[in-house]
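Trainee: Sequence:
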Amino acid sequence: MSEIREYYSDCKKQTFYQKYWGGESIHVGIYLENYQETKDDNLGEFIRDASRFKSKVMANLVKSYMTTYKYNFDGNGNKIKFNIADWGSGYGGTARVLSELWGNLFDVSVSCYDLSDKNCEYNAKINALEEFSDITIYNQSFLEIENRWFDVIYSEDAFVHLDDKETIFKRAYENLNKDGFLIFSDIILKNPDTCDKETLDEICRRISVSNIGSKETYLKCAIEAGFTLCNYIGYDNDIKQHYKHIKKFYIENESTETRSDEIVQGLDDWIRHADNDNITMGIFIFKKDTKN
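Those letters in the sequence shown? Residues 18 to 309, per our numbering, in order.
Watch out, some of these pointers could steer you wrong.
Calculated pairs, DSBU-like style, for lysine-lysine (alpha carbon to alpha carbon, straight line, at most 30 angstroms) [as the list claims (entries may be wrong)]:
| hint | residue 1 | residue 2 |
| --- | --- | --- |
| 1 | K80 | K237 |
| 2 | K261 | K232 |
| 3 | K73 | K135 |
| 4 | K195 | K98 |
| 5 | K264 | K232 |
| 6 | K30 | K73 |
| 7 | K73 | K29 |
| 8 | K36 | K265 |
| 9 | K29 | K142 |
| 10 | K29 | K265 |
The following label-pair restraints were derived from C-beta to C-beta distances [claimed, not checked]:
| hint | residue 1 | residue 2 | range |
| --- | --- | --- | --- |
| 11 | D181 | S277 | 21 to 31 angstroms |
| 12 | D124 | N77 | 28 to 38 angstroms |
| 13 | T184 | K214 | 19 to 29 angstroms |
| 14 | D180 | E147 | 27 to 37 angstroms |
| 15 | Y24 | K73 | 39 to 49 angstroms |
| 16 | T273 | T85 | 31 to 41 angstroms |
| 17 | D181 | E23 | 31 to 41 angstroms |
| 18 | C221 | E161 | 16 to 26 angstroms |
| 19 | E191 | T273 | 12 to 22 angstroms |
| 20 | N77 | E163 | 23 to 33 angstroms |
| 21 | T245 | E147 | 17 to 27 angstroms |
Hints listed in this document are in silico derivations from the structure and should not be mistaken for laboratory results. Predicted model, so just to flag it, every value in this text is computed and none were measured. Even for Gly, the Cβ is constructed at its ideal location relative to N, Cα and C.
Using the sequences provided together with the hints, build the complete structure.
Mentor: See the structure below:
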């Protein structure tokens with residue numbers, strides 16, 4: 018985990034994510050249409066719209082599932098409190114979208130957990146500027162959480178950075194209320210059986226891990242921890258679009274003097290693996306099995 022903290026502490030990478038990746042988010046976006054380049058189009062806005070739409074997808078999934086086993090109001094007409102956790106929250110974009118969409122309808126409290134002090138500082142800065150009072154930020158690993166009871170834990174593209182997938186699901190199970198939900202997106206291997214070792218090692222080196230999860234990996238770990246799969250949604254094309262758009266936007270707006278070869282090479286690697294169908298993105302929805 019020290020590698021993750023060190024990676025996001027780099028000033029150049031912080032500038033890159035804040036300026037080029039999506040502004041308020043550090044996750045892969047969902048694209049509703051292909052980018053049509055004209056003189057009036059703004060590629061940066063196009064990327065930010067896709068990132069924000071992904072946040073809206075997650076926020077709506079959280080709302081849909083958290084109200085499955087809870088009413089909005091108690092018997093006295095008071096709003097029931099929902100405790101939600103964002104694991105690997107980055108800049109907290111989805112927490113703010115969730116608060117915007119559902120804060121008036123429910124008594125929502127969101128806890129953001131992130132290892133990077135830079136990410137947490139930027140998250141807090143935006144929350145203060147936009148006056149979000151229902152979001153609490155914890156500068157720590159979500160694997161270190163104990164005895165916190167959440168109705169929903171959600172995460173976006175964070176689990177890929179950790180080797181110990183089993184512990185992720187064990188900690189989620191331990192920290193969820195009865196009938197709680199774990200909802201997350203992640204970058205995963207698309208065809209693990211046909212992905213050769215050299216290719217796999219290259220992907221792992223890129224994010225300093227020894228293994229990459231797959232749909233099958235997550236299903237196995239989740240079931241063993243005590244979860245039941247509710248739904249899975251695959252997004253093959255979005256991961257390809259996201260990295261290609263960001264590379265184009267970055268190169269067009271950075272001079273050769275300020276451009277980072279490391280960042281460009283990293284984008285090229287992800288683009289190649291996405292084009293070769295080695296990686297994809299998926300959203301998983303798991304329910305805590307109360308029989309266990």
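Trainee: Among the hints numbered above, which are violated by the structure, and what are their numbers in rising order?
Mentor: Numbers 12, 15, 16, 17, 19, 21 - these are the hints that the structure violates, sorted from lowest upward.
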